Amino acid sequence: MRCPWRRPARGLAYLLLLAAVVGAVDLWRGRALPTEAVALGSLTTLEGKTLDLVALSRERPVLVYIWASWCGACRFVSPMVDLVGEPVVSIAIASGSDDRVAGYMAQHGHDFAVVNDEHNILARRLGIQATPTLLVASQGELKYATTGFTTLPGMYLRLWLAKIRSWGLGYYIV
Numbered sequence: 001m002r003c004p005w006r007r008p009a010r011g012l013a014y015l016l017l018l019a020a021v022v023g024a025v026d027l028w029r030g031r032a033l034p035t036e037a038v039a040l041g042s043l044t045t046l047e048g049k050t051l052d053l054v055a056l057s058r059e060r061p062v063l064v065y066i067w068a069s070w071c072g073a074c075r076f077v078s079p080m081v082d083l084v085g086e087p088v089v090s091i092a093i094a095s096g097s098d099d100r101v102a103g104y105m106a107q108h109g110h111d112f113a114v115v116n117d118e119h120n121i122l123a124r125r126l127g128i129q130a131t132p133t134l135l136v137a138s139q140g141e142l143k144y145a146t147t148g149f150t151t152l153p154g155m156y157l158r159l160w161l162a163k164i165r166s167w168g169l170g171y172y173i174v
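Numbered according to full-length UniProt numbering, the sequence shown spans residues 1 to 174.
Heads up, some of the hints might be wrong.
[As the list claims (entries may be wrong)] Estimated spans, in silico, between C-beta atoms of each pair: (1) Glu47 x Val84: 14 to 24 Å; (2) Ala73 x Arg124: 14 to 24 Å; (3) Gly11 x Arg58: 24 to 34 Å; (4) Leu17 x Arg124: 28 to 38 Å; (5) His119 x Thr151: 23 to 33 Å; (6) Pro8 x Gly127: 34 to 44 Å.
Hints listed in this document are in silico derivations from the structure and should not be mistaken for laboratory results.
Keep in mind the model is a prediction, meaning the values are calculated, not measured.
All C-beta atoms, glycine included, are put in the ideal place defined by N, C-alpha and C.
Use the sequences and the hints to build the structure in full.
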């Protein structure tokens, strides 16, 4: 007679293994990133609003979404970024002029703030090698980085972990 818990236990073990592998890959990819959000400097959105990531991330974690209009995976990740509800700063890299990026945003119905990095200056400063890249800034530091397709729960988890770390508890967790 088969144990009724065997199949769910195996599924849980696979999920835990997958989470460990994804976490290890994120840590490996994020090792080259500068830890200080000040590396981004003062950012200006398409609307002309000036953003200071250090100040924005003092009170609560901020999601920094680095994407491109030509990126296939970004077409799936961007709608999820719209749903995050936390402060989001996005950087469009190598996507053309401000007008072209604004047109892309309007065409796809995205409403998050966009900084246009037309000449990849910010991307090079951060060492970004792939899109989409998601960073979490908290208390003026870049805490987490992930590259490639990311789910909405994955974004929430990283924001939550950054919040926990800001309380001084997360060093025991992650």
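Hint by hint, here is what the structure shows:
no., hint, in the structure
1, Glu47 x Val84: 14 to 24 Å, "holds (19 Å)"
2, Ala73 x Arg124: 14 to 24 Å, "holds (21 Å)"
3, Gly11 x Arg58: 24 to 34 Å, "violated (41 Å)"
4, Leu17 x Arg124: 28 to 38 Å, "holds (35 Å)"
5, His119 x Thr151: 23 to 33 Å, "holds (31 Å)"
6, Pro8 x Gly127: 34 to 44 Å, "holds (41 Å)"
In this structure, the one hint that does not hold is number 3.
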